[in-house]
Every structure is written in C-alpha cells, then in structure tokens.
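Mind docking chain B on chain A? Use the hints.
Residue numbers (the working numbering), protein chains in the order written: chain A, 1 to 308; chain B, 1 to 244.
One should not assume that every hint holds.
Quick list of the computed label-pair ranges, beta carbon to beta carbon [unchecked claim]: (1) B:Leu79 <-> A:Pro282: 30 to 40 Å; (2) B:Asn2 <-> A:Phe231: 35 to 45 Å; (3) A:Glu45 <-> B:Pro165: 48 to 58 Å; (4) B:Arg93 <-> A:Pro107: 35 to 45 Å; (5) A:Gln153 <-> B:Ala219: 45 to 55 Å; (6) A:Asp204 <-> B:Pro11: 25 to 35 Å; (7) A:Asn225 <-> B:Ser54: 48 to 58 Å; (8) B:Thr9 <-> A:Arg301: 36 to 46 Å; (9) A:Arg265 <-> B:Val75: 21 to 31 Å; (10) A:Ala181 <-> B:Phe203: 29 to 39 Å; (11) A:Asp64 <-> B:Phe203: 52 to 62 Å; (12) B:Leu79 <-> A:Phe231: 26 to 36 Å; (13) A:Asp228 <-> B:Ile227: 49 to 59 Å; (14) B:Ala15 <-> A:Phe231: 26 to 36 Å.
Rather than coming from a laboratory, the hints here were simulated on the basis of the structure. The C-beta atom is built at its ideal place from N, Cα and C for all residues, glycine as well.
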Amino acid sequence: MMIRPDSITALARALGLTGLVGALAASFSCALAQDLGGTLKKVREAGTIVVGHRDSSIPFSYLDDRQAPVGYSVELCLRIVEAVKDTLKMPALKVQMQAVTSSNRIPLLQNGTVDLECGSTTNSIERQRQVAFGLTTFVTNVKVVVKKSSAIQSLADLNGKPVATTSGTTSVQLLRAHEKAKGIDFREIYGKDHAESFLLLENDRAAAFVMDDILIAGLVANSRNAKDYRFLDEVLRTEPYGIMIRKDDPAFKKLVDDTLASLMRSGEVARLYARWFTSPIPPRSINLEFPMSKELAEAIRSPNDRGI
Amino acid sequence: MNWQIFLETMPEGDAAWWEMLASGLGWTLACAACAWVIALAAGTGIGIARTGASRAAARAAIIYVELFRNIPLIVQFFLWYFVLPELCAPLKRWVIEADPSVVQFLAATSCLGLFTSARIAEQVRAGIESLGRGQRQAARAMGLSEAQCYRHVLLPVTFRVIMPPLTSELMNLVKNTAVAYSIGLAELFFRTREMGEITFRYFEAFAAATLAYMVIALAANRAMRFIERRIAVPGVAGTARSAH
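Excised from the complex, chain A in its bound form (with noise of 0.2 Å):
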C-alpha cells in the first residue's frame, strides 16, 4: 500500500497532531509490511520451502553416501515443511535442500536464501539479535577430550599445553573466559574446522580440545582408535540447540514450535532421537552411543526456547 506524504501531512494537519500522527502511520505501515513479508507469505507465492542444512553435522544434518542431508535436525525440519504444506493447503509445495556453512547460515537465512536452518546451531542471545529459534531440540555440554595416555585429570592440568579448538566457535571464546576467571594460560591452536581440530589431538599437537561433546562423540566414533579418548569431567557451559528461522515472524514461528511441540509430546522426538544418537547412522552405520541427557529430557518434558 502506497500512503501518499501529502494525504498524511493533510490528515495531521486536520487533526492538529503533525508528528504524532505521522509517527503513527509511519510505524502502522511498517508493521504492516512485517506481516505480510513472513515466511509462510514467502513460501506460498514462490512454491517453494527452502531448507538449509550442513554437509557434516553428524548425526543432525549431513550429507550421506548419496549425497543426500539426512539427520535428526533434517527429520524434524521435514516435519516441520509437512505442517507448511498442511497450513497453505499446497500439498505440491517443492522442497529444496540447501547446504549452508557456520559462517553463512544467517546471512542466508536473513537475505531469503534458506527459510528455515536445520543443523546444530546454539541458540544464544546474542544471536538472538540477527534471528528467532525454534524450541531447543537438543541440548550440548561443551567439554574438553584428551587422550586416555595423558596424565591430564582437569582444566587446570591443561596450564601451559596446546589446546585445539575449532577457529569461529563458541568454544574459542569461552576459553578465554575461563582463562580470564582462573588465571590459566592455554596455548590456544585453532583448527580451520571440527576435523583438523580433532587431528591436532590425534597427532598429539594438542593436548586436548574443547568442544561440543556431541561433535567430539562424532569425531571420536570415527577415528582410527575410539577407545583411545576421554572426556574430562568439567562441562564449560550447557548450551541448546535449535532451528534457526528469520527474526519477527510470528506465525512461521508458532508453525514451527507448535509442530516441535507435538512432536515432544507423543514420544516422536524421543524415537527420532534413539535413532540418530543411539543406533548405528549412514554412511558407515557407526553407532555414536551417545544416550540422552538429563538436560535435553528436561527440555522435552517442558519446551522452550530459552537462548544462552
């Protein structure tokens, strides 16, 4: 809707209300706009639902032998486009997949590339400020592997030895905190991804690494010596993890958590989850034994999407 400057400085003028008024039918018009352009609005005047995913976010989103993204956050973003497709009453809706990387999962989320993320993003308050999560579906500890030879018992063991951590991760600055509070001195190495990291450690250029103990499970269920790792007790922080989905929309957000919702109440996620975290996965049907947490059952009993 196009408002004419003229007609609105009339009205005020009318009214005897200049700025008030124009203040007003400046923000109306604005709301207005915000509503409109919503996902959901997107999604039925192109005929498609675009999804993002990783390319090797095991077990939550990833490529498998096939090439095709699979994964506990795919199964439950594909739930999600089946209740689109029920709400715009389009059950020929197009669905495309769309690899994204850590780096530009929410620029393409914010310019329209992708609708929804579907892979394993914290969900923090500061990210908070560029876009909107789903409810948390699942919940990581952030904590510290080393090698089961190693004499390192705690994070204070680790004064003055190489730590690998993955460069552009949480984990890089929560480190330097922990620095900061106890007065350790890591020597901090950064591996350009969660794999080259993980070398580092399995080279013994590190002497440990930080990260996201599901991420670490994966790494570790697919080494050469699984049996050879152990994590160190200490969690530097809980963080969850949800879909990642465009900042003010609610009616796509509510799309998607009452859909989350009622997937946590008939057990779905529960059974989604037994398959992803606790059987054998593609490609190399290795199973990552990784039983659920009392935080994420916390988070299934009573959903929210309460940020870090």
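Using the frame of chain A, we list chain B on its own:
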C-alpha cells in the same frame, strides 16, 4: 552497516575489534615479507640452475618447479603443517614443545616462499632466455666465469626485464597469505572470519579486510614500480618508459 563495531571491544577480551584486525594485518605483512625473501632467493637460484651449464641441475630445477606449482596451495599448507612433522620425529618433538603461533608462522612462510619461488624461477628463466645467446657468449669471451657472467651480465638485465611479472607475483603473495588461515595462523583473513563469526557483522568485517588487502597490494605495486624506475638503464631491454 554499522562501522562503530570496530571500536567495540571483543567479548572476553580487552582489545577492540580494530586492534584484533590490526594484529592480523601484522601477521599478514610479516608472513608476506619473509616469504618474499625466501621466494626471491630460491627463485633466482632455481632460475639460474634451469639455464646453467649443468644438465643435472637443470633437470632437478624442472622437478622443483613442477612440484611446487602443480600442487594446490591449500594442499601445500596442509602438507607443511600437518604431514611434514609426522614424517620427521625430531621436528615433531620440536613442534609439540614450541609455541603454536611460531610453528604456524614458520610453516606458512616456508610454504608460501617455496610456492612463490617456483613461479619466480620460471620468470627468471624466461628473462634470461629473452636476452639471447650473444650476451652470454660475449661475457665468456671476455674471460668472465659462468658465475661472473650471471652476476655481472645476465641477472642485472634479467631483473630489469622481469620487474612487471615480479610485481604481480608480490601482489599475489600478499593475497595468498590468506590461505594460511587454514593452518590456524591468526592473520588478517583469519581475524576477519573470527570477527564475522562472533559479531555476525560479516559485511563490515569483510569490507575492512578487502580494503586492507587492496591497500597492501597497491602499495606493493607502487613500491615495485618505484624500484623499476630507479633501476632503469636507458637503452637496456625492459627499461620502463617514462610516459607510464
């Protein structure tokens, strides 16, 4: 766009983002400068071997050039940083004990230096071959040894001839330092990515990095152009035209 972000301090750190990027820029410049010294020295040596009297040296030089310029740069970084220490036990022991940033810096400069030297060697060879056989024969006829012939006759002209491709090699080297992010060296591109990941200000971060790389590359270009003019000898091949 919000350019104020550069003045904000990093989470869990006392430094502002611009200081973080500036420290990255420092590593980039140091890495490029050291690699350039290696590249010029090794490249000249290999270029001479390629054109010299010894058949064996020429063949070894060909293998060297093909090895370093046929393997993708990012793979070479991986080989230098991850694979080489696994093949050499004393090196491995040193690498475990040493400061990680020192190891990354040494791996990056060796890798970039040798990669660029293979390309410079080809330019030196092309430059020498462009001079024609007469120069070499005249020098030898005057009683100069082969080494003296290179030192006093062939190389001085060759370097004047190849200044333009050397300039673009230097500019490439500066930009190639960005690949060192892949071994965790905290250079400019690494810091830019990190800033993007943490603040989500990708556009601002990459705009600043683009500007910085352009300024360095242009400065390198201007500096080389200045040298090119200063060393120009009228009447000798490769003399820069004053109109430029």
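So, against the hints stated earlier in the document, which numbers end up violated here? The structure breaks hints 9, 11; every other hint is satisfied.
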